[in-house]
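There are 2 protein chains.
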Amino acid sequence: MIIDCHGHYTTTPGAHQGFRDAQLARLADPSLPEPVPADVSDDAVRESIENNQLKLLRERGGDMVLFSPKASGMEHNVRDTATSRVWARACNDLIHRVVHLFPQHFAGVCQLPQTPDGPLHDSVEELRRCVEDLGFVGCNLNPDPSGGYWTSKPLTDKYWYPLYEKMVELDVPAMIHVSASCNLNFHALGAHYLNADTTAFMQLVQGDLFGDFPTLRFVIPHGGGAAPYHWGRYRGLADRLGRPPLGEHVMKNVFFDTCVYHQAGIDLLHRVIDIDNILFASEMLGAVHGVDPETGFPWDDTKRYIDEISLPEEDRRKVFELNTRRVYPRLDAQLAAAGR
Amino acid sequence: MIIDCHGHYTTTPGAHQGFRDAQLARLADPSLPEPVPADVSDDAVRESIENNQLKLLRERGGDMVLFSPKASGMEHNVRDTATSRVWARACNDLIHRVVHLFPQHFAGVCQLPQTPDGPLHDSVEELRRCVEDLGFVGCNLNPDPSGGYWTSKPLTDKYWYPLYEKMVELDVPAMIHVSASCNLNFHALGAHYLNADTTAFMQLVQGDLFGDFPTLRFVIPHGGGAAPYHWGRYRGLADRLGRPPLGEHVMKNVFFDTCVYHQAGIDLLHRVIDIDNILFASEMLGAVHGVDPETGFPWDDTKRYIDEISLPEEDRRKVFELNTRRVYPRLDAQLAAAGR
Numbered sequence: 001m002i003i004d005c006h007g008h009y010t011t012t013p014g015a016h017q018g019f020r021d022a023q024l025a026r027l028a029d030p031s032l033p034e035p036v037p038a039d040v041s042d043d044a045v046r047e048s049i050e051n052n053q054l055k056l057l058r059e060r061g062g063d064m065v066l067f068s069p070k071a072s073g074m075e076h077n078v079r080d081t082a083t084s085r086v087w088a089r090a091c092n093d094l095i096h097r098v099v100h101l102f103p104q105h106f107a108g109v110c111q112l113p114q115t116p117d118g119p120l121h122d123s124v125e126e127l128r129r130c131v132e133d134l135g136f137v138g139c140n141l142n143p144d145p146s147g148g149y150w151t152s153k154p155l156t157d158k159y160w161y162p163l164y165e166k167m168v169e170l171d172v173p174a175m176i177h178v179s180a181s182c183n184l185n186f187h188a189l190g191a192h193y194l195n196a197d198t199t200a201f202m203q204l205v206q207g208d209l210f211g212d213f214p215t216l217r218f219v220i221p222h223g224g225g226a227a228p229y230h231w232g233r234y235r236g237l238a239d240r241l242g243r244p245p246l247g248e249h250v251m252k253n254v255f256f257d258t259c260v261y262h263q264a265g266i267d268l269l270h271r272v273i274d275i276d277n278i279l280f281a282s283e284m285l286g287a288v289h290g291v292d293p294e295t296g297f298p299w300d301d302t303k304r305y306i307d308e309i310s311l312p313e314e315d316r317r318k319v320f321e322l323n324t325r326r327v328y329p330r331l332d333a334q335l336a337a338a339g340r
Numbered sequence: 001m002i003i004d005c006h007g008h009y010t011t012t013p014g015a016h017q018g019f020r021d022a023q024l025a026r027l028a029d030p031s032l033p034e035p036v037p038a039d040v041s042d043d044a045v046r047e048s049i050e051n052n053q054l055k056l057l058r059e060r061g062g063d064m065v066l067f068s069p070k071a072s073g074m075e076h077n078v079r080d081t082a083t084s085r086v087w088a089r090a091c092n093d094l095i096h097r098v099v100h101l102f103p104q105h106f107a108g109v110c111q112l113p114q115t116p117d118g119p120l121h122d123s124v125e126e127l128r129r130c131v132e133d134l135g136f137v138g139c140n141l142n143p144d145p146s147g148g149y150w151t152s153k154p155l156t157d158k159y160w161y162p163l164y165e166k167m168v169e170l171d172v173p174a175m176i177h178v179s180a181s182c183n184l185n186f187h188a189l190g191a192h193y194l195n196a197d198t199t200a201f202m203q204l205v206q207g208d209l210f211g212d213f214p215t216l217r218f219v220i221p222h223g224g225g226a227a228p229y230h231w232g233r234y235r236g237l238a239d240r241l242g243r244p245p246l247g248e249h250v251m252k253n254v255f256f257d258t259c260v261y262h263q264a265g266i267d268l269l270h271r272v273i274d275i276d277n278i279l280f281a282s283e284m285l286g287a288v289h290g291v292d293p294e295t296g297f298p299w300d301d302t303k304r305y306i307d308e309i310s311l312p313e314e315d316r317r318k319v320f321e322l323n324t325r326r327v328y329p330r331l332d333a334q335l336a337a338a339g340r
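Protein chains in written order, with my numbering: chain Y, 1 to 340; chain U, 1 to 340.
It should be emphasised that the hints constitute simulated quantities derived from the structure, not laboratory data. Watch out, some of these pointers could steer you wrong.
No copy is singled out in the list; a pair is fine if it fits within one copy or between any two copies.
As the list claims (entries may be wrong) - No more than 25 Å apart at the CA atoms, straight line, and that leaves these computed lysine to any residue pairs for SDA-like:
{"hint": "1", "residue 1": "Lys70", "residue 2": "Asp239"}
{"hint": "2", "residue 1": "Lys153", "residue 2": "Leu184"}
{"hint": "3", "residue 1": "Lys252", "residue 2": "Thr295"}
{"hint": "4", "residue 1": "Lys303", "residue 2": "Leu163"}
{"hint": "5", "residue 1": "Lys252", "residue 2": "Pro293"}
{"hint": "6", "residue 1": "Lys158", "residue 2": "Met251"}
{"hint": "7", "residue 1": "Lys70", "residue 2": "Leu241"}
{"hint": "8", "residue 1": "Lys153", "residue 2": "Val78"}
{"hint": "9", "residue 1": "Lys55", "residue 2": "Asp239"}
{"hint": "10", "residue 1": "Lys158", "residue 2": "Glu314"}
{"hint": "11", "residue 1": "Lys158", "residue 2": "Leu184"}
{"hint": "12", "residue 1": "Lys303", "residue 2": "Arg240"}
{"hint": "13", "residue 1": "Lys70", "residue 2": "Ser31"}
{"hint": "14", "residue 1": "Lys153", "residue 2": "Ser72"}
{"hint": "15", "residue 1": "Lys153", "residue 2": "Ala188"}
{"hint": "16", "residue 1": "Lys70", "residue 2": "Leu134"}
{"hint": "17", "residue 1": "Lys166", "residue 2": "Ala44"}
{"hint": "18", "residue 1": "Lys303", "residue 2": "His270"}
{"hint": "19", "residue 1": "Lys303", "residue 2": "Arg271"}
{"hint": "20", "residue 1": "Lys55", "residue 2": "Pro33"}
Model, not experiment: these values are computed from the prediction.
When you get a sec, could you build the whole thing from the sequences and use the hints?
Have a look at this one:
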């Protein structure tokens, strides 16, 4: 089977955004009534999925998507912890609805109610709720809740440890994923996302986080940011910093997805990175939609690029299915229980 | 001939750093006497170059380096404009000494006395001085003087226009290069530098700077940051933003260097980017020194990777010489005047 480990619910029914707008309006004017999450019908959820992600999944020959709330909509830069808590819960509940309606095709990955430098206990509890109560299989972790000003601690700082302890206890990985950019210097999709991937990777090279958490796992999306293209630089820097080789030091715990939207990039990823560390993904209906005029195919139809490599069957199965089942053991357990 | 367009004076005699230390000490304690730039002997300059950059240049078969002050030492985050002005001048004067001592092998590229959001007139004047009085052929432009907090305006903002006007008037390009990172999230060499490259490229995709300055030219170092690896993403984003194709929109004015420290990365760069936009560089004695244990050769001996591609002779000459002479016409004029 083919599992896409990186999809966001970018096509939510309008009422969900209406709730968010009402939340933000009330932050600006506390005299407004406290809004409640939108009452979205099953039909509205179904329609928003069937005409979009599920349609493309079927057209492109995929089976399953690890599905999380829209990344740019997480808006962790909003500092009010109660607002963030309620918003994350509403977003995750909607993901749960999708999973409930299409259990064959979607598994849940949750948004955490982070705030810039805020306490992490709400995130720990929301992770627990999503995994234990709703059956989610992972989470998205934002290394820069400020949205482009990078005022928080590096991922190797003890600030993050309560969350890591819960991730380890629940045996779920996190995808490192920032939200919208509030800094005019950074286009969200063309700079902020990739910079965050690159930054997170280098933080892990610098530190020794996996010495403290040997089973902690991160997926770095968008093909690992700049890391594979500059793999020699990172190998050299690890050496210069007196760190063990990358394979021992970080690559037992760090995985890159395949959201790289051209053949040469996918080729480099597979040439440089061990096959066990590559997880199929497209982020379809995400950053880059539309058709590449040079190929006549959608930019984000990443399966085509991988098919073009003609991987040995065993490697192909790793990238499309087995690696993701290994990194997300709760997904594997759910699939196995369903005989898949 | 082989021209390396990206080298920094990372091996300055100790007295030069002593001057900087005294500058910073006086900022902290204004009762201290105003320091004067170090009195470095010709022999000390000669020794610092002959045993380092020039030695490697000869060993590796190069002819010439476009040489600028140490990037991490620019420290544009220090807000005092007088300090920045005097420091840039001292750094550039030292580069001029190197060029004067080894005119066959070095050409000058200047540091600008930037400060976070400070006025640009000092930078404009220092650029003029270096080019007109000292014979420099380009400059380094820091898109984030804050050193990792990104508090300045994007490169497409009119804030930068006075500098661009002078660059156009003098017909010199700028290499986009940040300095040290003051933000613990960003390792300077493993995150901040590459993020700045990626960020600058996307700013240029978003804006229409070259509509206003058709002859303005930027070199984006470190192989263009993440851009070539994500070339499909950028082509798709340009389309999504309603911009012309990258070849028309930015790649008449933007060039990538070859500071990518492994074969697969250099291969991708040459596969994806037009040969006219690639400028040979190694940043030797820079970010990544030492020997790759897998190849037995130095990481930053980038000529080896390019030789491995077996480019047609015409393309090889473009990458190693002709593109740089085209992008830096004042260098070309100097070389031509010397019959080279």
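Hint-by-hint comparison with the structure:
1. Lys70 - Asp239: For Lys70 and Asp239, the Cα distance is within 25 Å only across copies (22 Å; inside one copy 38 Å).
2. Lys153 - Leu184: Both. Shortest intra-copy (22 Å) and inter-copy (7 Å) distances satisfy the 25 Å Cα cut-off.
3. Lys252 - Thr295: For Lys252 and Thr295, only the inter-copy Cα distance (23 Å) is at most 25 Å; the intra-copy one is 35 Å.
4. Lys303 - Leu163: So Lys303 and Leu163 fail the 25 Å test inside a copy (33 Å) and across (45 Å) alike.
5. Lys252 - Pro293: This pair counts as between: shortest inter-copy Cα distance 21 Å, intra-copy 38 Å.
6. Lys158 - Met251: within (21 Å within a copy, 44 Å between copies)
7. Lys70 - Leu241: between (37 Å within a copy, 20 Å between copies)
8. Lys153 - Val78: Both, since 17 Å and 23 Å are each at most 25 Å.
9. Lys55 - Asp239: between (47 Å within a copy, 23 Å between copies)
10. Lys158 - Glu314: neither (39 Å within a copy, 54 Å between copies)
11. Lys158 - Leu184: Answer is between; shortest inter-copy Cα gap is 14 Å, intra-copy 30 Å.
12. Lys303 - Arg240: Intra 37 Å, inter 21 Å, cutoff 25 Å: inter-copy only.
13. Lys70 - Ser31: Neither: 29 Å inside a chain and 56 Å across chains, both beyond 25 Å.
14. Lys153 - Ser72: both (21 Å within a copy, 22 Å between copies)
15. Lys153 - Ala188: So Lys153 and Ala188 pass the 25 Å test inside a copy (20 Å) and across (16 Å) alike.
16. Lys70 - Leu134: within (18 Å within a copy, 54 Å between copies)
17. Lys166 - Ala44: neither (34 Å within a copy, 57 Å between copies)
18. Lys303 - His270: Both, since 13 Å and 24 Å are each at most 25 Å.
19. Lys303 - Arg271: both (17 Å within a copy, 21 Å between copies)
20. Lys55 - Pro33: Answer is neither; intra-copy 38 Å and inter-copy 73 Å both fail.
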